[in-house]
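K.L.:
Can you join these two chains into the complex? Each is in its own frame, and there are hints to help.
Residue numbers (our numbering), protein chains in the order written: chain A, 1 to 86; chain B, 1 to 973.
Treat the hints loosely; a few may be bogus.
Stated by the list, open to error - The list that follows gives simulated cross-link-like pairs (lysine-lysine, DSBU-like), each with its CA atoms no further than 30 Å apart:
#, chain 1, residue 1, chain 2, residue 2
1, B, K53, B, K128
2, B, K17, B, K53
3, A, K12, B, K187
4, B, K783, A, K47
5, B, K862, B, K890
6, B, K24, B, K142
7, A, K60, B, K612
8, B, K863, B, K673
9, B, K187, A, K80
10, A, K25, B, K863
11, B, K659, A, K25
12, B, K53, A, K54
13, A, K12, B, K421
14, A, K60, B, K595
15, B, K378, B, K521
16, B, K238, B, K18
17, A, K80, A, K25
18, A, K60, B, K867
Stated by the list, open to error - Calculated Cβ distances over 12 Å to all of chain B for the following chain A residues:
#, residue
19, N46
20, V52
21, Q53
22, G81
Don't read these hints as lab results, they were simulated from the structure. Given the structure is predicted, the values throughout are model-derived calculations rather than measurements. Think of the CB as a built atom: it goes at the ideal place given N, C-alpha and C, for glycine as much as any other residue.
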Amino acid sequence: MALTITCPICGKRNGYEFRYGGEDKGPRPEEAGITPEIWCDYVHMNKCVAGVQKEWWFHKDGCGSWFSIHRDTTTNLEVKGPEADK
Amino acid sequence: MMTRFNQLPTLKIDPTKKVVFNYKGKTYSGVEGDTIASALYANGVRIYARSLKYHRPRGLYSLDGECSNTMMDVDGIPNVRTENTLLKQGMTVKEQNVKGSAENDMLGFLDKLDWAMPAGFYYKMMHKPARIWPIAMKQIRKTAGLGEISPDFEMPGKFDEIFPRTDVVVIGGGPAGMTSALAAAEKGLRVIIMESRPWLGGFFDYRTAEYKDGVALYQRGQDLAQQVEANENIRVLKHTAMVGAYSNCLVTGFQTGTDKDAFNERYVEIRANSVIVATGCIERPLLFDNNERPGVMQVACALRMARNYGILPGENGIFSVGHDLGLEAAIDLFDMGMKIGCVADVREDGQDPELVLALAKRNLLLLKGWVATVAHGKKQVNKVTMSSIDGMISRDFDCDVLVASAGLTPVTGPLTMAQIKLRHDDFTGFFVADEMPENTFSAGRILGINNAMSIECSGTLAGIKAAKVCGACEAADVEAVEAAMKALPGPLRGSKLVTAPVQGRKSFICFDEDTTIKSVKQTIDSGFDVPELVKRYSSAGLGPGQSGIPGHNLPLYVAKYQALAGVPVKPTTVRAPIVPTFIATYAGTNHTMHKRTPIHDLQVADKGILRKIGVWERVRYFSEDYSCRKEIENVRNNVGMLDGSTLGKFRLHGPDALKALQRVYVSDMSKLKPGRIKYTAMCNDDGCVIDDGVVIMLGENDYYITTSTGRAGQTVEWIRYHTRYDGWDFSMVNITDSMGVINLSGPNARKVFAKITEEDVSNEAFSYSAYKEMVIKDVIPAKVMRLGFVGELSYEFHVDSSYMTSLWQLLKEAGAEFGIQNFGVESQNVLRMEKCHVILGQESEQRTNLLDVGLGFLWNRKKAEAKTVGAVALRQAENDPTRFKLVGFKMENNGRAPRDGALIVDTKVRGYIATARDSATLNEAVGMALVEAELAKVGTRLEIYEDECGDERIYGKVVPMPFYDPDGTRMKG
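Chain B on its own, in the form it takes in the complex (with noise of 0.2 Å):
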């Protein structure tokens, strides 16, 4: 266990509060705020993986998760990138894509074989001759990916989903990020700030040089993140890492969970009406020999690993870099207690004068044009060979950690996905955006800028400038600040080295891949000759480091190698999500959601067994026997209740509420009359049936609709949509849920009726299709009508949900002496099915037409000036002999039903069954089905062709409908 500095003011850790973890079988301990990859990192570890394709050695690089180098498995879940996961007491951590350990890689001496492998070496080598490539495909399958899941693995934990409405939203919560929320904030403005590491501070959060007077960056940063966490108009997503970026304002992200939270992640989509982009800079990898080696590592890497997490990340360091920030780390990093070697500067001239002396008074060797050019070690890095940039002299220094950096480079991902385009700026060495969206503003070291000042200043410019689109500022206030961001420091010169004087055989330009610069070249030789051909045949950047490492190195490359002029192409596009995340965060929670009825309790109680039928759950049977034999033997002959609260009902009123009713049902809704219940039916503007249902007048201008149970949710923009050029007066409730339903069936039925009520209910007084209020008990209004779906005398009573459990419970205890029974949804199918009664999508389905399943009787023709919706397509379609028919029909010699959905056949599919059961009521199968017309003949024998049936058919023939009652006497006596 190394020794860790406990007292430096830029710590995230609390090093007296101890995490315990399991590594390799073996405990370790790491300290409260320690990534799983610096808890590692103290306990000595450095190689914690090896890499796709050679299987070579990697280690810590970034410290900010760009590549796969430190992913490994954690509790069972592979592909953790342990750099960006905070350490948790009992995790249990292995290492992934290794044959042995990731020290000790029996697959190591792939390494030594790349020759055997080029770019893009399987399209041209495993299919000649071509039986062997399946062979090929599948023992490249095995080998290819990191970590290993098995189908069966259930995601532990909860996740989440919100979607804020913000005027501004800011991508990064560094000191432009942070001072553009406050310019934003202060003007009024809502302001959402998403900051992908646990904490704000970005680039000040761990240095220790001077911001002004005295006070050092890191301060500067802290005092910062306290007014941005003080202010109430900002809402601060820490441990959030932007995924997209659309066009509208629109950002979406991943949340990690704290300890605290309700979830482990969160996806986060918020609609803005402006953005800042503060994402700041990551360095550009060096691009050398080796340059991935564990102990090869960024400069930021080396410097917050001491300064955030209080690890020396070497005895002896040796640094190549190119930017000031180079020389700042190395000054720190020695004063810590580091030895340090050499510092190199790929830059000739343009270091920070204050910075050279700085290293001049430590005695600290400052190489400036030179650049290291070969990583020795076989595991880990143990020398460096250095060498003037054209490559002419060079000299060997020992180190345990090279700190390498080519320069800065910003953070570009989230404006290529805006579809913003990007120029290569050559000043800065940068891509920068060509031009921003009306709405987006960029703030910080993406524009180039250095200064501590000029970085907050461009923030605030950029908060202000958002305030101005959102109206809540004036032109003056953003020229102000544009003043004064022209006093201060502009952008600082770029580091224009692409690679260091190597052949590029080791030399790795994207480590998720192992594509190396010889690679490139090879592909470029190939004649892939942009970065997005390049990506795709060499495979660079199809990791998920996506465009972390190889991102603006590769169409640099791309430009040098060729020798354009300039550099005239752009790093690839990149994709949501930016980061690798979960799918169960994109899944989200996973809510089973379904409406009740006001009964449900009660049906449940009785034994009812429950089934999802769309949005709803409801009974389908009261017993194990799914044939109910017994339910429906009571309705036939005795008297039962089924909960029909489902059904869709709506109150449609006004002055022109007639008109509308004309325009969407086929019948002549003028007929209506108060007391009696009209059954009729909707078509779309192809005459395909699409609903039926019953309306009532209540009065003048007033009526009361039902509709089928799946179609309740679409009745009332159906109605709106078919009258939306009329203009109309009319309007529409949807009362589906606020009312319920109890059918009462069966010859019983009237007499159960009679012990609940005074009104005189025989058959004189309430006949058939009438429709009468009531108040049931002096309490309870009633809407009650006789109708007969399952062709037995039928009471149904629509009643306020409130009353439900009440009426229910009054007709079970009238109906005792007669033994009344529940019955369900499968029941109610099987009677109504006897009666040849149809049930839309049952026994129609997209292309049946109104007059197809014999429903034609309900069209009235007279109505031209109604223009009701599949009057034209039925008068264009009535005489078309091609349509199919809808046909009762038995089975052959006492044969079992055919299932819902069987075909009906002879050379050709000729039909299909819609609804088929044994019926006990009938004591032979029968059913209804749809088929071509020549087979619609009564007597035509039907061949039935069931799935699976192998080549044995059932027969079947057709028969006059109904089946059961053909009088109709049951129902209306």
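The following block holds chain A by itself, in its conformation from the complex (with noise of 0.2 Å):
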């Protein structure tokens, strides 16, 4: 496909260098109180916006690190995240 990624490390390479890590869900949440609904929510649940999202890419074919990226799902390129979002 045509999607390209920029890595922090290697720079702009080939989308199929790389694995996708999921939606941005933040870190795993302290135990206490967790219902198995929250928990199921949390690994499981997507939220699959038509636009741009916050996601995270493995570079298994390059330097192997994890980052994350914004991409819009409607053209399934990378683009530029808002500037809060660093």
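P.N.:
As structure tokens, then:
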């Protein structure tokens, strides 16, 4: 596909060099007070926005680092995220 | 054999080099540089094939393979486009889709039955009553398609793939493509040009008309080509057809190799920062009755046959054209010896006055506002009826070739593939791009220009614009070229004629699918009123030509027939691959790639039988006895050696190394002490167990960890993933491949070990679960651990891969007096199963959690601050009574072991067999299974269902685990 991803270490590379790591859901919550529903949502539920989302990628055919980017899911192209989100 | 011109400066053939080939069982010859089609034509062949539906005779039309007219079977490969395939010595060429020959096809009568096969007739006719549909479908399938191939056919040749990166990719190696490449290269950018013909030159290539100052266009074309090929910044890919264009400047193509290349065909995937589309124009087919008769051909086809291949396409030509190029071709062909009865131009006016003069000088009849309406001749054209475009007056002319074209139309396929919207331009009659994406530029004739200088300048402009987006030049540079462009002639007014004045029953809008104007009318009358629906109902454009022949005529006709204002409809979307190609090219080279351990050759020399396991090749058995009786007995009673090098091995160190371990492993990793190994497991966020292995503390903040073979590739990714928010300071190194492992197991293992080292290896000094580092024979640094996977006294040696051969030989020599033998993966499997030690992926699947397989004892619950992966889910699942449990079982009545994966049933599925074997050690069949908790009690009878067993069942009984050496004295002694 046309997707290219900018790795913070290696620069802009062919999308096939990376593995998708899911939408950004933030760090795992504290264990206290987690019900099975809350936990299942955290692990499995996705927002599936039609638009720009923040997500994680792993550079498997490269430096092996995990990083996040913003991607427009309607065009499947990497975009610059909102400044506040750095 | 026809005489050919040998001396033309525009020839692409070498008339001195003969190429011999076989056609229909007889030997023919062509020359080097011929395509198969041109060689056949030179040998008098005019009818190349029969059409799909009506079996009408077909021949040369476009000379660029835009339709299936000249597809033939070459060397057993069907549907080869003979116009685009170079002739090679010894080729065997056969006709397709004929009963008899293309000349005399016994199915030719179908042409007379066209009235019975209107558009979409199979939707209406062959299913009332419903039971005749399967019969009809079977018969239609037999007649559908052109070429034939056996499912056993093996594709010969080499297929490769390349993935170049570049600054600018130029699609099209004609004058505009070449000048754009030169302009971008001049600014220091890397450029790749893709050209579908085997040479650069495009539209200039075959024309003797003047460029300027006495230089002919073809000379200018050759000059530009030389400049391009000499330029260091430009990579030229010839005989490379573009097949896909995608967003983000991704372009793909297929390249046909020359004799000097190491591939027959190769896939090219180019990622660029900018794309220039300079694909030029093709001719819009003229629609009239029998417009596809052999002998009817397009202007460029006729001219290039003479100029590139030295073959005059006919003796008596008639021309029906819509563009100045048609007039130019008539003049050139007349000068080369063709008699021309008349030149009809659909345009009432607007012709280039110099061309009109030239025609008059040669006494050639020019009929303005006239068009061909019927081509006569049963199998080849021998007469044409011409009429005024209003249909009022007509005249007949004899001929043996009819050069027909409605005018030009741009090659917009690449544009629509890249999702660029088109709109109809009224002046040129072209479909042009509405808005180009940021980094994509058009150049050349697709803009509607025809003047040679304008074409070149438009290329330079596109090249400089590409240079600007790549940051290699300034806005002022672009403005300078834009100003030059303004001073040059603009687009030409195009011909508007859609069809000749005919009813259209035999006017073909699509040659591949035999779709006529009449079928299109029937389709629109049935309510399918836009080109997308017309295409699918009438099948116009569904063939290999995709958009070549019907492409732009279809929307123009759809608009005209419905008397729509303007042309609000567009050509249908073209899809990859734009040109037909082999699946073999998409498949690429089929390398079988596997990893081998450092002692692979030694294992094979010892009669090891290899199997593929994941990305590795490993020895599964050391004899033809797949039950591995001798190997297993030898480990239980003596001593054996196993190559365990595929084990995942990692070094994890840093100030926060312990935090990382606590996050991913379920045990309390702070309890680790140097000198002892810790067996533990990793789970995922659902609590499902994904890997097990040992962790060893080498020193402060420094750990050595092992994982299963299958997970080694993902371990670093996994640990980094689950710590990605924490910002911890730790590093990981994957040393799986740089270290090898030998497992020495059996009651005599200690005796063998003692022979190769001075160290004290008694049970007191080196106890079960201990870890020692030592240097064997003063040379081989080794990490040695005592484990018990196979249930006997075992030592595992981890050494650098380069020392594996030496260590293996040392152990073999030391073990010789005990009759040491190798054992393989299957033996290890049975040995560990007798001890009920789990293999993840065998005794577990995706849904199995840590507690199901009885490894709950590894889980430490008191480290909530570590947020161990899996802890939350395990806590939630631990009291769930519906989960499966791992049990051991043995078979009833000395029965044989069931197959792995067999189901445990009663009225429904209650579980499945993970691993089961006929155990020689225990003298009965035993195994492990995952069953619903209800069936997990010792003594429960298990009913086993094996694949394809019918009504037969076999039975087992749940027994305590492990089966062998329950106290573990053998492995801990």
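K.L.:
It remains to establish, for every hint, whether it holds in the given structure.
P.N.:
Cross-check of the supplied hints:
For the suggested pair K53 of chain B and K128 of chain B, the alpha carbons sit about 22 Å apart, so the restraint of at most 30 Å is met. Of the supplied pair hints, the one linking K17 of chain B and K53 of chain B is violated, its CA atoms being roughly 39 Å apart against a limit of 30 Å. For the suggested pair K12 of chain A and K187 of chain B, the alpha carbons sit about 22 Å apart, so the restraint of at most 30 Å is met. With a C-alpha separation of about 48 Å, the suggested pairing of K783 of chain B with K47 of chain A is violated against the 30 Å cut-off.
Pair hint K862 of chain B plus K890 of chain B does not hold up; C-alpha atoms about 38 Å apart against a cutoff of 30 Å. At most 30 Å may separate the alpha-carbon atoms for a hinted pair to count; K24 of chain B and K142 of chain B meet this at roughly 23 Å. Annotation: proposed proximity of K60 of chain A to K612 of chain B holds, straight-line Cα distance about 23 Å (limit 30 Å). For a cut-off of 30 Å, the pair hint linking K863 of chain B to K673 of chain B stands: about 18 Å separates their Cα positions.
About 28 Å separates the Cα atoms of K187 of chain B and K80 of chain A, which keeps this hinted pair within 30 Å; it holds. Between the alpha carbons of K25 of chain A and K863 of chain B the distance comes to roughly 23 Å, so the proposed pair stays at or under 30 Å and holds. Taking the CA atoms of K659 of chain B and K25 of chain A, the gap is about 21 Å. The hint holds against a cut of 30 Å. Pair hint K53 of chain B plus K54 of chain A does not hold up; C-alpha atoms about 54 Å apart against a cutoff of 30 Å.
For the suggested pair K12 of chain A and K421 of chain B, the alpha carbons sit about 28 Å apart, so the restraint of at most 30 Å is met. The hinted pair formed by K60 of chain A and K595 of chain B meets the criterion: a straight-line CA distance of about 18 Å does not exceed 30 Å. For the given pair, K378 of chain B sits about 25 Å from K521 of chain B by alpha-carbon distance, which is consistent with the 30 Å threshold. Annotation: proposed proximity of K238 of chain B to K18 of chain B holds, straight-line Cα distance about 24 Å (limit 30 Å).
Taken as a hint, the K80 of chain A and K25 of chain A pair is honoured in the structure, with Cα atoms around 19 Å apart against an allowance of 30 Å. A threshold of 30 Å between alpha carbons decides the hint, and for K60 of chain A with K867 of chain B the separation of about 25 Å falls inside it, so the pair holds. No Cβ of chain B comes within 12 Å of the Cβ of N46 of chain A; the nearest lies about 14 Å off, and the non-interface call holds. Look at V52 of chain A: its CB is around 16 Å from the nearest CB on chain B, clear of 12 Å, so calling it non-interface holds up.
The beta carbon of Q53 of chain A is kept farther than 12 Å from every beta carbon of chain B, the shortest such distance being approximately 17 Å. A cut-off of 12 Å between C-beta atoms confirms that G81 of chain A is not in contact with chain B; the least separation is 17 Å.
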